[in-house]
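Peer 1: Each chain, letter by letter, is given below.
Protein chains: 2
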Amino acid sequence: MTFDPDLGYAYPARIGDPVHAVATPALIVDLAAFERNAARMRDFAQARGLRLRPHAKTHKSADIALYQMAHGGACGICCQKVSEAEALVDAGVTDVLVSNQVCGAARADRLARLAGRATIAVCVDDPAGVAELAAAVAQHGTELAVLVEVDVGTGRCGVPPGQAAVDLADAIDAEPGLRFEGLQAYQGALQHIADPAERQAAAESAAQLTRFAVESLMAAGFACNTIGGAGTGSFRIDAALGMVNELQCGSYIFMDADYDRIREADGSRPGGMENALFVLAGIMSAPVPGRAVCDAGLKAIAFDSGPPRIDRPGLRYTQASDEHGVIDDPDGQLKRGDTVRLVPGHCDPTCNLYDWLVGVRGNRVETLWPVTARGKLY
Amino acid sequence: MTFDPDLGYAYPARIGDPVHAVATPALIVDLAAFERNAARMRDFAQARGLRLRPHAKTHKSADIALYQMAHGGACGICCQKVSEAEALVDAGVTDVLVSNQVCGAARADRLARLAGRATIAVCVDDPAGVAELAAAVAQHGTELAVLVEVDVGTGRCGVPPGQAAVDLADAIDAEPGLRFEGLQAYQGALQHIADPAERQAAAESAAQLTRFAVESLMAAGFACNTIGGAGTGSFRIDAALGMVNELQCGSYIFMDADYDRIREADGSRPGGMENALFVLAGIMSAPVPGRAVCDAGLKAIAFDSGPPRIDRPGLRYTQASDEHGVIDDPDGQLKRGDTVRLVPGHCDPTCNLYDWLVGVRGNRVETLWPVTARGKLY
Chain A
1 MTFDPDLGYA
11 YPARIGDPVH
21 AVATPALIVD
31 LAAFERNAAR
41 MRDFAQARGL
51 RLRPHAKTHK
61 SADIALYQMA
71 HGGACGICCQ
81 KVSEAEALVD
91 AGVTDVLVSN
101 QVCGAARADR
111 LARLAGRATI
121 AVCVDDPAGV
131 AELAAAVAQH
141 GTELAVLVEV
151 DVGTGRCGVP
161 PGQAAVDLAD
171 AIDAEPGLRF
181 EGLQAYQGAL
191 QHIADPAERQ
201 AAAESAAQLT
211 RFAVESLMAA
221 GFACNTIGGA
231 GTGSFRIDAA
241 LGMVNELQCG
251 SYIFMDADYD
261 RIREADGSRP
271 GGMENALFVL
281 AGIMSAPVPG
291 RAVCDAGLKA
301 IAFDSGPPRI
311 DRPGLRYTQA
321 SDEHGVIDDP
331 DGQLKRGDTV
341 RLVPGHCDPT
351 CNLYDWLVGV
361 RGNRVETLWP
371 VTARGKLY
Chain B
1 MTFDPDLGYA
11 YPARIGDPVH
21 AVATPALIVD
31 LAAFERNAAR
41 MRDFAQARGL
51 RLRPHAKTHK
61 SADIALYQMA
71 HGGACGICCQ
81 KVSEAEALVD
91 AGVTDVLVSN
101 QVCGAARADR
111 LARLAGRATI
121 AVCVDDPAGV
131 AELAAAVAQH
141 GTELAVLVEV
151 DVGTGRCGVP
161 PGQAAVDLAD
171 AIDAEPGLRF
181 EGLQAYQGAL
191 QHIADPAERQ
201 AAAESAAQLT
211 RFAVESLMAA
221 GFACNTIGGA
231 GTGSFRIDAA
241 LGMVNELQCG
251 SYIFMDADYD
261 RIREADGSRP
271 GGMENALFVL
281 AGIMSAPVPG
291 RAVCDAGLKA
301 IAFDSGPPRI
311 DRPGLRYTQA
321 SDEHGVIDDP
331 DGQLKRGDTV
341 RLVPGHCDPT
351 CNLYDWLVGV
361 RGNRVETLWP
371 VTARGKLY
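So the sequences go chain by chain: A and B.
Residue 1 is where the first sequence starts when you use my numbering, and the numbers rise one by one after that.
Residue 1 is where the second sequence starts when you use my numbering, and the numbers rise one by one after that.
For the record, the hints were derived by calculation from the structure and aren't laboratory data.
Every residue gets a Cβ at the ideal spot worked out from N, C-alpha and C, and that includes glycine.
Treat the hints with care, since some could be wrong.
[To be verified] Per the computed footprint, the stretches of chain B lying under chain A, defined by three or more beta-carbons under 8 Å from a beta-carbon of chain A, are:
1. 24-38
2. 226-235
3. 289-295
4. 345-355
Here chain A stands alone, though its shape is the one from the complex (with noise of 0.2 Å):
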């Protein structure tokens, strides 16, 4: 990185900077194997007829939502939170699924009001939620589509499938702004059961719930336009299963350490996603032989599902400190002022800790990407 005399050291890179000239540590995105990712998710909704809606809260930036709806199939993006949607449209997004609960007059009122400048779509689990919303948008005059959250098997949020379901439909559908729209069914625990046949059984039982959940619906007089749910671990067998038809897969973009163990029952990594984020860290010293100390910490990196894999044989991340990680490297690799690209545990909670994704191909900074939704928590 070079002072920049108008930018100061507001950036990681400038463009055309080869890559060991990035300020480490960075979030770098391999923008061939990002590519081909979105390629083959594309690919995989269109071959089955199944809407696709990426979920946002991985890379929580504009430029890449934008590239997934005008390239990689998506008919929308999925957000977690107000605050990511709102920044996302402010930045170009038109269709919005908020994929969650919200919750407080406060939040269903920048909602609704967001609802007159996006195609907005929530979900709720609680009665008390879809008054919130109806308040909204009749002070607002705007329209939201609502989903109900069923709990198929994540012990969350979401009303049990049945009566609980059918009665949200109902105050859904008596309120003029809102519009019942389906059911979000997603199965978050099961993404990351390693077993194959395990998470084969847990989602035929997220799709048995999902069934019975639409079944009820039915017999009370609501059709599911949008059954959405899916995620990187398990969106091949969902669609197999055939209960979903909107998927919300969020990781299969850049992929990370923890779905590196995911695997399908022929041995494949699902959907044959490539790992395309990585963190560049650097080797701030070598102190003793056998062990470098790198300059990503545990406020460079995501630790809750484990430490970095470090992408190069013969190396291994053994200890994190807020601004310093100890390499084990026993054959003397690593030398002060040494670039290394570890791959995240989780990559949602990495992104979110950046204010850049570092767009690189081959060894050139293509792009610069703001994480649009970076630290957007409300």
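Add chain B to chain A, keeping to what the hints say.
Peer 2: Just chain B, lined up with the frame of chain A:
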């Protein structure tokens, strides 16, 4: 949070708001506890004739750094990254030790430039680092104070005490723009040893290694003006051992759930410090009896030191995903729309997730402090 036509939703709260109106999740500072912690550390250092240079990597806030210097007995602050130091100097901080290695000509250039605007010191553990700094200060006509970092038990950066430290002091002394200032002798690994006797033993070992380094330098004609070290888990022990003369504690100002485990030999908390930092989380769903779901997950709390503690008896944070936290609530205390205060497992990387610290006194928002150096990674 109410929409402000001028400000939009850029702020999590307004001054004077009651706490329950703060947009969740939010980072809350209990100002009374914060002020008591600052006074405790000030009085401790003054009573023992020690300098205090609190670590700003904990809070990354210029307002807090300036408070520590004006009211908390601090002679300056520590930073861990050049970009962090730049952000705090831009905001008015006048004296910074980068208590870390600075690697590469570009970073050395930035630090030398910064030394034209504030009093700056830095650590080295490699002759190449000395050469980079020397070239940079020569170019900018500035001066840097330089500490030799010695490894006194952390197993991270730093040369072994003894001849390697003397060689670095010689190298520093040979450069006109660099001034040998003393030793960086921080033992990070011992701060979180829960057993007081084990922690005492580790601190004694660190003090012995520090003494050896000081004596080796003395024998070579180098006096250490600064011997920096000590953290929140060890400062009372380190002060009693008498080897460090500048305390670099950071977490004391906030404390966290991991430091809740750390006790002095008499069972008291280190220095009597109190929890002053909380994540205010909203309950967004309580779908079945016994389970509540809050809106603070992996992007709102750092999990490297375990899950947060809920600041109310009978509740347990059991499962985190990106934007959700599942709470075990066997007595059904929580309902949708409630808020809970969480004590994060690790304060430093949690602060780094937020744009704002919301300062609260009693039930009112008294101040909003930007997290000035949030995301300053390089």
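Peer 1: Taking the hints in turn, state whether each one holds.
Peer 2: Checked hints:
no. : hint    : in the structure
1   : 24-38   : holds (count 3)
2   : 226-235 : violated (count 0)
3   : 289-295 : holds (count 3)
4   : 345-355 : holds (count 7)
Of the numbered hints given earlier, the model fails hint 2 alone.
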